[in-house]
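Given chain A, put chain B in place with the hints provided.
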Amino acid sequence: METVKLIIDGKQIQAVKGSNLLQTARDNNINIPGLCYHKKLSPTGACRLCVVKVDGQRGLIASCGVKVEEGMKVTAFDDEIHNARKFVMEYLLTEHNRNYDFTYFDELRVLALEFGLLDDFDSNYKNLQSEIDFVIDDSSFVLTYDSSKCIKCFRCIKACDEVQGKNVLSFAERGIQKFIVAGTGKWSDSECDGCGECIQLCPTGAIVEKPNRDIINVEKIEKKVITTCPYCGVGCQIETWVQNDKIVRVNGVEGVSPNDGRLCVKGRFGIDYVNHKQRLQTPLVKRNGKFEIATWDEALELIGKKFNEIKGKYGTESLAGYASAKCTNEENYLFQKLIRIGFGNNNVDYCTRLCHASTVTAMLKSIGDGAGSNSIEDFEETECLFVIGNNIIDTHPITATYVKRGVAKGMKVIVVDPRWTPLVRYSKIWLQPKLGTDVALLNGLMNVIIREGLIDEKFIKDRIEGGWDAYLQLKELVEKYTPEYVENITSVPSNLIEEAAIMYASSSTAMIATGMGMSQQVTGTNNVFSLLNMCLISGKIGKELCGINPPRGQNNVQGATDVGASPVNYPGYIPVKNDENRRKVANIWNVEYESLSAKNGLTTVEIMQAAYEGKIKGLYVFGENPMITDPNLNHTEQAIKKLDFLVVQDIFFTQTCELADVVLPASSLFEKDGTVVNSDRRVLKINKVVDCPGEAREDWKIILDIAKAMNVNIGKYSKPEEIFEELRKVAPIFAGINYERIKFQGIQWPCPDEQHPGTSTLFLEKFNTESGKAKLFPVEFYPQSEKTSSEYPFILNSGRLLYHYHSSTMTDKVDVLKSFSPSGFVLVNSIDAEKFKLQDKMRVKISSKQGSLETIVKITDEVLEGELFMPWHFGDMQVNRLTRDELDPMSKIAAFKLTAVKIEKI
Amino acid sequence: MSKNYNIDSILLKYESKMENLLNILHDLQNSHPQNFLTQEAIEKTAKFLNSSLSSVYGFAKYYSMLSTDAKGKFVIRICSSPICFICNACGVRKYISKRLNITSGETTADGLFTLETVECLGHCDKSPCIMINDVVVGNLSVEKAAKILDDIVEKSEFEYEVITPTAEILGEKRFLFEYLGKYNPTSLKEYLKIGGMQSFEKCLKLTSEEIIQTIKESGLRGRGGAGFPSYIKWEATSKEIASQKYIICNADEGEPGTFKDRPLMEQLPFQYIEGVMIAAKAIGSSKAYIYIRGEYTNSIKATILALKELEVHNFLGKNILNSGFDLEIIVANGAGSYLCGEELTLIESLEGKRGNPRIKPPFPAQKGFNNLPTLVNNVETLACVPKIFEHGVEYFKKLGTEKSTGTKVFSVSGDVQRPGYYEVELGTPLSFIVNDLAGGLRNGKKALTYLLGGAAGTFVHPDEIDSLIMDYDSLKEKSYTLGSGAIMVFDEDKKIYDILYSIIKFFVHETCGKCVPCRVGNTQLRSLMKEMQISDDKESFLNKMLVQSELMSATSLCPLGQSPILPIKSAIKNLKEKF
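So the protein lines, in turn, are chains A and B.
When we follow this note's numbering, the leftmost residue of the first sequence carries the number 4, and every step to the right adds one.
When we follow this note's numbering, the leftmost residue of the second sequence carries the number 225, and every step to the right adds one.
So that you can see chain A by itself, here it is in the shape it has in the complex (with noise of 0.2 Å):
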């Protein structure tokens, strides 16, 4: 980058050529006024207050639409300047709505102050308010828009447009007339998800937040705490407010990673269930079938007693623990600790199992890390990006934002999904697979890329474990998989396999994102597999912009299995079966080697099947709720039922809370401190913003009590930061990180000592197999298992919806969020809505093999014909009642995609 001198006011300054003489001036603490520039958007030239004289220029020029050269001499403060500046002030102020009620913070009054022109000052022009029509639109659940407070800057509409990529807003009218609008001129019938970009870019009070403006004063807040968001795995850092105890404002920190101020629905507005009546704040243990309150020590002493009874009577093989994606590394690290010197196994898993179990296990065996590869900043720079069953504008608004920002600069998305989603919108090709025909479209794709020359063979030679040979065995099994025979089996018309197929292998980069479409089928493992080829084979992975990236659908499933809350791994994925690991880990954690177990543990299905079988008989539930994740709840309902012990531990009373013996109450990630690893693999910092509720605990120390109360020594920590110094020494992976450094900035692993600066894309040198090397799994298609039958007719996928998380146990309690998604639905194709004679909102029963439940038609074209789909958050509409448990042998995922159903009218 080329840098140049100026001078501003006599000083001299260097900065990038081309770079903004504005953000110049401000960076360089000459603090030019504007109000229509922010850094993150264009410059708009709309406010004015910003000119400036540069010599050899005639008259005032606005210093936001410069670009810095060399040798340009700037005037930024002189009378004739800050008369002109005051002239536009005092103008502004007459068009403008001066009440002030608190509810904001307002950047235009702090200016008008600077210029001496608050409240009541003898303005030398016509106050011309009544000359305005002025609108309120109140119709948003999220924020109100009063344009007599708006000064209409543009930076609403462009952090709509150019910071979110959703364009959802624009001007109506003309001139001193115009006003802001979303949509056809309602807010609440517009596209607008309200993520709240537009609020917190709004420098007046013309956007302003609804929740808690009948509370909230800026000048009355107590505190202002940075920590991240509890909710997906992109991780966005949060600026909390709070006053009288309680978060009332959530704010983007700008200019930090991953999110640099942006935030979505559920970051911004899904607090409400902190401060939730409905908090779990005392121990209840049942009695008689019934709860109780009862004291942290009874509630302790029973659990000591019950689970150290059960392993004396049935051996250590009969307990099990579920560790949570919801809570922090230092609580998961305890809590994998805890089960394995105090239970003695290994039988330690959580929800990752229902999600990325199959992409990991793949991952792991091809390219040697389950982790993404790349950076979420990376999303808005390759050329191409091949999204796969990843509906990634709903499930990780954040790492879209980046998606869309790099479509409007000219990057290709082709996205493979059976369902329309958001992102087709984005798209530039769009395949439209039958559900669980992925391997045959994969390796239609390859049969294109080979047919065409677009392999990479350098990279197959160099960086291929069997090199040319192991391509040629590929090469022959995708042979079969032309275009017109992928299309008889996936019904996407064969030029668009082709289409795509050189799109993807002929950009200079190309990014993978993948899903749970592709996870959680039976043929999941194999179908990442057959997305690996093609990345490989097409050279588009192992450099800078190119990868395969899984984003994590929670806030630390990354994390979790990271610090080894894994049936298979210790922290930093160190097989527990190695001997030589497991002396390793014993040294560090001052035990014994031999009271570590060397057999692997069940894995969360498994931990299920083995309850049912009566093989484990007491569980430790830790911030997760089977009772609506695991797939076939009424087999997991029975399952539970044969337990003859389970500790609950949890935020709210779940579903699983119910058929408990003792629920504790725990902290939400806004009452501890700590870290979570987000999908890009950056470890952020949690930071506590307020007191649990009741008798709460963290969940840290509650862990530690029922280690004590087992008697079993897991080591003493005073609070999480020593916790993850014994994490680090542990995973290699973290054993640069320590809190100081990541105190601002996350850092992403692997990360080998305290110099080092952290990974942006991994195998940039070598994969992480023990050659070295990528290995090839050439995998050949097999129809589904499950198929339609005339009983059965549609096959049912289920998903995720932007305004809900996980089982809703948080966003069901957001008053905001339920008002945006207040129920589930089921999506039926129009067709199939007419065979069957189905109307919007009509009441309709689902029936599998499985189970039945009722939900709601949605009548759309979203979803191809014999297909339905249904969001699986809603505790009242149970997806999982009918999915299987059926398992991908290799990974243990379960078929949540793939389910055959019949619909009837109720």
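Think of the hints as simulated: they come from the structure by calculation, not from any bench.
Yeah, the Cβ is synthetic: ideal placement off N, Cα and C, and Gly gets one too.
One should not assume that every hint holds.
[Stated by the list, open to error] Just a few of them, taken from the derived set where beta-carbon distance is under 7 Å, the chain B residues facing chain A:
hint, residue
1, I266
2, L277
3, S278
4, Y281
5, G282
6, Y286
7, C736
8, P741
9, T747
10, A778
11, L781
Coordinates of chain B only, in the frame set by chain A:
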């Protein structure tokens, strides 16, 4: 007049590109029996263009010709330009309003009529005029209006005069208008017969440098208003390397009192299109747009017919006349925004956006339409181009003055004997145009003032008429503007206050509102004028207007905010005592 309204089939006529939004919305609106854009139409258009609702709705809400409210079968738009405003349009409006029992913006109960006001219709030579659906009716009187309304009520149709070219007047120098009225405007055959397209064919054999060199040597200056040497833009655009370059012909003639491009498009469409074709060859562009203001329905029709003829005969399309040169020309219809005549705003509009000006630089030559190199030229400028090649540079240079070469079409309107468009050599005295060509003032009246250059123009003191020479530099020296070539003449019975008020009102209507000084300032100026009217201390108000319009000019984003100072300052300088 039964209308078939099928949104889907209308949309299918277009490619799914934002640049088609203007034409799509016009089409949808015109096809609806109630002349408006329904919610469904907006939703389907957004979906069709793979865009958001607000990008279509906000767009429709910007342009005054587009409506999201149902209208009558006949939409009557009454011109409120300074000329029509003071030449009895008010009387006609009052009559129509009273007769239909509605005011501006309303629709009659039977759904037959909607009444609206519109900014200058560009027919000031036939003032006062109104527009009924897509037909302009001029020289209107109350009697004529009554007859039209009667006819509509009885027969659902009305009679109107077809506009014919005006004959040459002694003293004119018809160079652009050399063949005006001498052949059928939309017959390519006849155009070819008089030697048309020979300049283009000549240019097909020339290099880009050779063509631009000719333009440079001719001294041609932009006729849109700024008078900037044309070759500079041509050269800059031709030097850019890009996958696609564009030509945009700016035919958004909206400056009040200006109607010079209209006869060029209505009567001589092949000539200015030939100019577009030569420019395209010169800069290496294969795609051109002609952005015609929506009210100019005859210009749009003539241009579309001419383009079709040219396509049929391979003067347009692929491999034109076997030269290997490709060119496609597309007509975009403006929708009622003065500001869209400003080149960067026009580009925004053509991209399917609201008419907000862009920050300059970058200039269109570097980043114009779709951020690609774009040459934007006025109709009259482009119409000169084939004539320069036809008659040679030397001939062209002999016309006009040393620094303002060639001819200029002036639009003379107001209180003169013969309002109309007159082509003369640049450097012709103002008095000759007004008194000799336009026949001087009507009814032996004296002049109050002459307004040169339109609303963004300057008032001339009546005594100065003999000393003013009409070329770019002579006028600039005296702080006057040639601008678009509008000359509006007002006799002693008219009031400078009324004229200035109608201009300020025009700016209030036309400011896009993007930048603060222009958005607020024009309303402030209007409010000062209202106060001045009832005040005895006119001077203090005039001074306030001067100070504010000066600050507006210093701080505004685009030329619109820099415009009010021109009429205000010149009115104060020359006509202060008449307020």
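Against the structure, the hints:
1. At its closest, the beta carbon of I266 (chain B) sits 6 Å from a beta carbon of chain A; the interface hint therefore holds under the 7 Å criterion.
2. Restraint check, L277 (chain B) versus chain A: the minimum CB separation of about 4 Å is within 7 Å; hint holds.
3. The criterion of a C-beta within 7 Å of any C-beta in chain A is met by S278 (chain B), whose closest approach is roughly 4 Å, and the hint holds.
4. At its closest, the beta carbon of Y281 (chain B) sits 4 Å from a beta carbon of chain A; the interface hint therefore holds under the 7 Å criterion.
5. A least Cβ separation of about 3 Å between G282 (chain B) and chain A falls short of the 7 Å threshold, and the interface hint therefore holds.
6. A cut of 7 Å between beta carbons decides the hint on Y286 (chain B): the least distance to chain A is about 6 Å, and the hint holds.
7. A distance limit of 7 Å between C-beta atoms decides the matter here; for C736 (chain B) the minimum to chain A is near 5 Å, and the interface restraint holds.
8. For P741 (chain B), the shortest C-beta to C-beta distance to chain A is roughly 6 Å, which falls under 7 Å, so the interface hint holds.
9. Nearest Cβ of chain A to the Cβ of T747 (chain B): about 5 Å, under the 7 Å cut. The hint holds.
10. Interface restraint check for A778 (chain B): the shortest CB-CB distance to chain A comes to about 5 Å, inside 7 Å, so the restraint holds.
11. Hint status for L781 (chain B) relative to chain A: holds, with the closest Cβ pair at about 5 Å, below 7 Å.
Violated hints are absent here; each numbered hint is respected by the structure.
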